[in-house]
Amino acid sequence: MAPLTRSRYTPAELHQAIQDVISGQSGRFVSGKSKIPYLTLMRKVRETKAGTLVPPQRRGPPPILPRDCESDLVAWITAMQQDGHPVDRHMILIKGNQLVRQLDPLGSVSGGWYKRFMQRHTQLTSRSAQVISHARNSVNDAAVQVLFDSVESIIAEHGIITSEFLELILYS
Numbered sequence: 001m002a003p004l005t006r007s008r009y010t011p012a013e014l015h016q017a018i019q020d021v022i023s024g025q026s027g028r029f030v031s032g033k034s035k036i037p038y039l040t041l042m043r044k045v046r047e048t049k050a051g052t053l054v055p056p057q058r059r060g061p062p063p064i065l066p067r068d069c070e071s072d073l074v075a076w077i078t079a080m081q082q083d084g085h086p087v088d089r090h091m092i093l094i095k096g097n098q099l100v101r102q103l104d105p106l107g108s109v110s111g112g113w114y115k116r117f118m119q120r121h122t123q124l125t126s127r128s129a130q131v132i133s134h135a136r137n138s139v140n141d142a143a144v145q146v147l148f149d150s151v152e153s154i155i156a157e158h159g160i161i162t163s164e165f166l167e168l169i170l171y172s
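Sequence positions in the sequence shown follow full-length UniProt numbering and run 1 to 172.
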């Protein structure tokens, strides 16, 4: 027999089902209608009546960096990107480790932390450098001077007026 899969329901659906049972509807009927397991529903109803129902929390250990440190790191990343220096994964890990070591000298962040950090802060995106050709990458002052001199010699050689040359460039 195949294992049973966990049914998915939203907190709003659970809240509505709890209210339906508290208002007098049968737990089995509400469970069948809402696809929430009967035992789960009745446990949540008991907790609600007793006042001990706790809201669902994130599973697992808390992030190694406190929220304040993470928000400072996000601000640093944003400032670097706005300044024209986008940071990559390696730089974020280095900065994260610097922050962690101020709190715990033996602590460190890893690739898994980076992945979860990026999931927690969706306003950040991974940036990758755009590949440009060798010809575009090798432009320097001397190459620009050669281009300028060659255009100047063509203008002088053919007797082109500057305004005609600009029209030729703009409208061709």
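It is worth saying that the hints were derived from the structure and are not from the lab.
These numbers were taken from a predicted model, which means no experiment stands behind them.
Treat the hints with care, since some could be wrong.
[Stated by the list, open to error] Heads up, simulated DSS-like pairs for lysine-lysine below, C-alpha to C-alpha not over 27 Å straight-line:
1. 44 <-> 33
2. 115 <-> 95
3. 49 <-> 33
4. 49 <-> 35
Below or equal to 27 Å on CA atoms is what counts here, so check residue 44 against residue 33.
16 Å, holds
Are the Cα positions of residue 115 and residue 95 separated by 27 Å at most?
With Cα atoms ~15 Å apart, residue 115 and residue 95 stay inside 27 Å; holds.
Are the Cα atoms of residue 49 and residue 35 separated by 27 Å or less?
Holds, because 21 Å separates the two Cα atoms, which is no more than 27 Å.
Need the status of pair residue 49, residue 33: alpha-carbon distance at most 27 Å?
OK: residue 49 and residue 33 at ~21 Å, within 27 Å.
Of the numbered hints stated above, none is contradicted by the structure.
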